[in-house]
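S.K.: Residue numbers (my numbering), protein chains in the order written: chain W, 1 to 467; chain E, 1 to 467.
Mixed in with the good hints, there may be bad ones.
Claimed, not checked - Derived pair list, reagent style SDA-like, types lysine to any residue, alpha-carbon separation capped at 25 Å:
id : chain 1 : residue 1 : chain 2 : residue 2
1  : E       : Lys207    : W       : Pro373
2  : W       : Lys215    : E       : Pro202
3  : E       : Lys149    : W       : Phe217
4  : E       : Lys149    : W       : Asn383
5  : E       : Lys360    : W       : Asn383
6  : E       : Lys215    : W       : Gln229
7  : E       : Lys420    : E       : Asp451
8  : W       : Lys353    : E       : Arg227
9  : E       : Lys207    : W       : Pro202
10 : E       : Lys360    : W       : Asp326
11 : W       : Lys207    : E       : Glu161
12 : W       : Lys149    : E       : Glu382
13 : W       : Lys149    : E       : Glu379
14 : W       : Lys296    : E       : Arg227
15 : E       : Lys149    : W       : Pro202
16 : W       : Lys360    : E       : Asp332
Because the hints were derived from the structure by calculation, they are not lab data.
The residues making up each chain are set out below.
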Amino acid sequence: MSKTLTQNPLEKTWGPWMKSRLSQRRGSSVPQFTNSPTMIVMVGLPARGKTYISKKLTRYLNWIGVTTKVFNVGQYRRDATRSYNSFEFFRPDNEEAMKIRKSCAIAALKDVCDYFTRELGQVVVFDATNTTLERREVILGFAMENGYKVFFVESICDDPEIIAENIKQVKLSSPDYKDCDKEEAVADFLKRIECYKMTYIPLDDNKDRYLSYIKIFNVGSRYLVNRVQDHIQSRIVYYLMNIHVTPRSIYLSRHGESELNLVGRIGGDSGLSPRGAKFASALGAYMRGQCISDLKVWTSHMKRTIQTAEALGVPYEQWKALNEIDAGVCEDMTYEEIQENYPEEFALRDQDKYRYRYPKGESYEDLVQRLEPVIMELERQENVLVICHQAVMRCLLAYFLNKTSHELPYLKCPLHTVLKLTPVAYGCKVESVFLHVEAVNTHRDKPVNVDVDREPAEALQTVPDHI
Amino acid sequence: MNGAMISQDGTESQGGAMRALRFQRPHASVPQFTNSPTMIVMVGLPARGKTYISKKLTRYLNWIGVTTKVFNVGQYRRDATRSYNSFEFFRPDNEEAMKIRKSCAIAALKDVCDYFTRELGQVVVFDATNTTLERREVILGFAMENGYKVFFVESICDDPEIIAENIKQVKLSSPDYKDCDKEEAVADFLKRIECYKMTYIPLDDNKDRYLSYIKIFNVGSRYLVNRVQDHIQSRIVYYLMNIHVTPRSIYLSRHGESELNLVGRIGGDSGLSPRGAKFASALGAYMRGQCISDLKVWTSHMKRTIQTAEALGVPYEQWKALNEIDAGVCEDMTYEEIQENYPEEFALRDQDKYRYRYPKGESYEDLVQRLEPVIMELERQENVLVICHQAVMRCLLAYFLNKTSHELPYLKCPLHTVLKLTPVAYGCKVESVFLHVEAVNTHRDKPVNVDVDREPAEALQTVPDHI
Numbered sequence: 001m002s003k004t005l006t007q008n009p010l011e012k013t014w015g016p017w018m019k020s021r022l023s024q025r026r027g028s029s030v031p032q033f034t035n036s037p038t039m040i041v042m043v044g045l046p047a048r049g050k051t052y053i054s055k056k057l058t059r060y061l062n063w064i065g066v067t068t069k070v071f072n073v074g075q076y077r078r079d080a081t082r083s084y085n086s087f088e089f090f091r092p093d094n095e096e097a098m099k100i101r102k103s104c105a106i107a108a109l110k111d112v113c114d115y116f117t118r119e120l121g122q123v124v125v126f127d128a129t130n131t132t133l134e135r136r137e138v139i140l141g142f143a144m145e146n147g148y149k150v151f152f153v154e155s156i157c158d159d160p161e162i163i164a165e166n167i168k169q170v171k172l173s174s175p176d177y178k179d180c181d182k183e184e185a186v187a188d189f190l191k192r193i194e195c196y197k198m199t200y201i202p203l204d205d206n207k208d209r210y211l212s213y214i215k216i217f218n219v220g221s222r223y224l225v226n227r228v229q230d231h232i233q234s235r236i237v238y239y240l241m242n243i244h245v246t247p248r249s250i251y252l253s254r255h256g257e258s259e260l261n262l263v264g265r266i267g268g269d270s271g272l273s274p275r276g277a278k279f280a281s282a283l284g285a286y287m288r289g290q291c292i293s294d295l296k297v298w299t300s301h302m303k304r305t306i307q308t309a310e311a312l313g314v315p316y317e318q319w320k321a322l323n324e325i326d327a328g329v330c331e332d333m334t335y336e337e338i339q340e341n342y343p344e345e346f347a348l349r350d351q352d353k354y355r356y357r358y359p360k361g362e363s364y365e366d367l368v369q370r371l372e373p374v375i376m377e378l379e380r381q382e383n384v385l386v387i388c389h390q391a392v393m394r395c396l397l398a399y400f401l402n403k404t405s406h407e408l409p410y411l412k413c414p415l416h417t418v419l420k421l422t423p424v425a426y427g428c429k430v431e432s433v434f435l436h437v438e439a440v441n442t443h444r445d446k447p448v449n450v451d452v453d454r455e456p457a458e459a460l461q462t463v464p465d466h467i
Numbered sequence: 001m002n003g004a005m006i007s008q009d010g011t012e013s014q015g016g017a018m019r020a021l022r023f024q025r026p027h028a029s030v031p032q033f034t035n036s037p038t039m040i041v042m043v044g045l046p047a048r049g050k051t052y053i054s055k056k057l058t059r060y061l062n063w064i065g066v067t068t069k070v071f072n073v074g075q076y077r078r079d080a081t082r083s084y085n086s087f088e089f090f091r092p093d094n095e096e097a098m099k100i101r102k103s104c105a106i107a108a109l110k111d112v113c114d115y116f117t118r119e120l121g122q123v124v125v126f127d128a129t130n131t132t133l134e135r136r137e138v139i140l141g142f143a144m145e146n147g148y149k150v151f152f153v154e155s156i157c158d159d160p161e162i163i164a165e166n167i168k169q170v171k172l173s174s175p176d177y178k179d180c181d182k183e184e185a186v187a188d189f190l191k192r193i194e195c196y197k198m199t200y201i202p203l204d205d206n207k208d209r210y211l212s213y214i215k216i217f218n219v220g221s222r223y224l225v226n227r228v229q230d231h232i233q234s235r236i237v238y239y240l241m242n243i244h245v246t247p248r249s250i251y252l253s254r255h256g257e258s259e260l261n262l263v264g265r266i267g268g269d270s271g272l273s274p275r276g277a278k279f280a281s282a283l284g285a286y287m288r289g290q291c292i293s294d295l296k297v298w299t300s301h302m303k304r305t306i307q308t309a310e311a312l313g314v315p316y317e318q319w320k321a322l323n324e325i326d327a328g329v330c331e332d333m334t335y336e337e338i339q340e341n342y343p344e345e346f347a348l349r350d351q352d353k354y355r356y357r358y359p360k361g362e363s364y365e366d367l368v369q370r371l372e373p374v375i376m377e378l379e380r381q382e383n384v385l386v387i388c389h390q391a392v393m394r395c396l397l398a399y400f401l402n403k404t405s406h407e408l409p410y411l412k413c414p415l416h417t418v419l420k421l422t423p424v425a426y427g428c429k430v431e432s433v434f435l436h437v438e439a440v441n442t443h444r445d446k447p448v449n450v451d452v453d454r455e456p457a458e459a460l461q462t463v464p465d466h467i
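Only chain W is shown next, with the shape it has when bound in the complex (with noise of 0.2 Å):
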């Protein structure tokens, strides 16, 4: 054989030379499906639920690996006229604002080709009213002459409730409203609607029949779907088809302190250790108490999950998916036996705990890749509780709390402590509720020396006190 193969001490990736990472990685999971940069733009009046969408759906890709960002038109106007006075500012007879919000969105489109250039993003998100066909050629020749997909997402409501919630929700806290009362400001903005209305040209189904895009109606009860092109558009259409806005909780705990976490083992398949049995009990207690019809538990294949759900008494589901990472050949090992026996892996894992995959194991970027099934039926169901693993809820936290790949694996998520989450405005409200039954720590900090040639006491400074 010509070519001898190399692998990759940190993700054990397979190829022939050992490249720097910044161009394509070989070692993520799935392929990089996107070859031309995408814009995804928005269109539709205020108050249709926009800005939630965008931030949803960026905070989606970059949680699968797909680098986007948001640039809101809106935010350029506020930093460029300083002081929001009335709607008068959007009427169309305005040249003077006019002028402004040309050029606010000439200006976002051009750090939008800053992003794609210098910090090699995937995917922007152009979030503005985009209303007029004006714009919206404005935008497609700005994306043909830099080779950009251009992808639209129209969101068409006239249910004049939910536009009511909208405004209540974020449009009250907006920087435009700051000083105003509360029915004044509601006012103001439904004038400021009337004034996109009579310039407002929907997508239109035979004028653009050859434009890729997607049209919402009333909040996801009707699509129209035109033309998807590519892979990362077809991602993006199942998860707008798939999030929903009916008030809800998702509640993460994972399993009761187990026998291995009493002893600092990592992996395995124990049950539960009698304060862990304690613990299910409680957690029962504590889900009975928030009074919720229609609750789905879900849990993975390992024994202490399932062995807290029991204590339930209520029927639950079983994920593979929501399985422990894998930790190949350190199952079952305490950190102190991993130092001993792979010190160099240790010191791997601490240089870049994200995409370190233990030999025969997984990373936290494969366990990301495995949830995303996971994270997608959690959008379609309503109040779902899951008991899962350390790891396995960092990830399901991470994407929520939209923390990002850095921060993912030291996030704190201790024994016998229930998060629930609940949606509110632009993201999610998190709620500890510790359930007063002791476990073991079994948070590991990421320590002072990461290098390979470390002292073993170093590399065992922040492994937590364990029998």
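We have chain W already, so just place chain E on it with the hints.
M.R.: Chain E only, in chain W's frame:
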């Protein structure tokens, strides 16, 4: 600890309390998301691809583990009338024929009921034109009586070229036109379509706004999706939006013979043997001879597939999902060693090779779940060469050739043989190309005796020769 004991199911090597949900298989990798049975009801004029979609969708759903069956009302009609004369049978004013056609639909619905209640099917695809309000109301009434969910799939096409191509591909060979001249058949069929057109009422976006449906326009350039009710409907929509009919071929191959193959060991991550390297070159020559512009090449993350791809000299993508089945504690063993160290496991595997999960490893069933995104992307793509592994290739092949879970683990996928799959009519043409480089046989047939207490010789009877 509460009263419920968790026991390990020997076949699947993980714990799980038995559950009484109607369609729940407790040990499946993913929860079974279908509770109510679902009827997918096709709608559309003849030659709009309804049967093509019905069969393809059914194949996909069965492969991912959702038991699905097609009920083609035209087949009931052929069985009832015995010989087709002409399009006159389909004239809306032909009262006697209308009676026969209606009773065929009713008979088919009765069989749908049997399939759900007696065979515990989860999804039915009701393949007929269903072009009148009256017929759809009969179906909706039937479904409501029985507690079935209904999801309509309407195919709308007015492109005469596409329709002519459909007629050529699948209608000319229909039993209805067995002894007909080609031109006569086409003329008659076009008149048959005209009969249906007279009474065709498409799904109405206003009147039918409370129904759940997808409308597919012109073979997928546009979709309208209304009121997706649940997980399975969401998956069906995603699948339908990713398939296409552009002619292309999919090439499936294993890596070249590996060092571990030579000595009869399973799993592991070894490199190619000299013969394996020869195969890699031969594969390159063969693929160049296929003269494909824009061929995509996919490998796993394992050394042997990557080495094979390297010899092709073209860019390739690595998928972790294409990695060989994880044999857990049996990795790197010969079958003889497995028999010696884990005789009970070895027997259990022979008893149910599809569901059997290696201790700390995977089952074929797990593999299918893992490969689903690969299949979805294969549907999106055009010409692709997939260089993978024996168990993985069996799973992919089973999808394309509609093999059952019983047949799947025993499909023959020998080394150094490329399978060229080309979609044709309602199925897939397979061309098996041996590239004339000898290799060991790695196929172990199911032995006669699968009892746990069998003799070693009986267990090892079908093990292929190795060094």
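S.K.: Given the hint that Lys207/E pairs with Pro202/W, does the C-alpha gap stay at or below 25 Å?
M.R.: holds, 23 Å
S.K.: Is it true that the CA of Lys360/E sits at most 25 Å from the CA of Asn383/W?
M.R.: violated, 32 Å
S.K.: Are the Cα atoms of Lys149/E and Asn383/W separated by 25 Å or less?
M.R.: holds, 22 Å
S.K.: Within 25 Å, alpha carbon to alpha carbon, are Lys149/E and Pro202/W?
M.R.: Not OK: Lys149/E and Pro202/W at ~34 Å, beyond 25 Å, violated.
S.K.: Would you check the hint for Lys420/E and Asp451/E, treating anything up to 25 Å between C-alpha atoms as holding?
M.R.: Violated - the C-alpha atoms of Asp451/E and Lys420/E are around 38 Å apart, more than 25 Å.
S.K.: Between Lys149/W and Glu379/E, is the straight-line Cα distance small enough, at 25 Å or below?
M.R.: holds, 21 Å
S.K.: Going straight from one Cα to the other, do Lys215/E and Gln229/W come out at no more than 25 Å?
M.R.: Satisfied, since the Cα-Cα distance of roughly 19 Å is no more than 25 Å.
S.K.: Check the hint pairing Lys360/W with Asp332/E against an upper bound of 25 Å on the C-alpha distance.
M.R.: The hint holds at about 12 Å.
S.K.: Decide if the proposed pair is consistent with the structure: Lys149/E and Phe217/W, CA atoms, cutoff 25 Å inclusive.
M.R.: Since the Cα atoms of Lys149/E and Phe217/W sit roughly 23 Å apart, the hinted pair holds (cutoff 25 Å).
S.K.: Does Lys207/E pair with Pro373/W here, judged by a C-alpha cut-off of 25 Å?
M.R.: Judged against 25 Å, a Cα distance of about 34 Å means the pair is violated.
S.K.: Verify the proposed pairing of Lys353/W with Arg227/E, using a straight-line Cα cut of 25 Å.
M.R.: Given that 25 Å is the threshold and the Cα spacing comes to 42 Å, the pair is violated.
S.K.: If you draw a straight line from the CA of Lys215/W to the CA of Pro202/E, is it 25 Å or shorter?
M.R.: Holds, at roughly 21 Å.
In the structure shown, a violation is registered for the earlier hints numbered 1, 5, 7, 8, 15, in ascending order.
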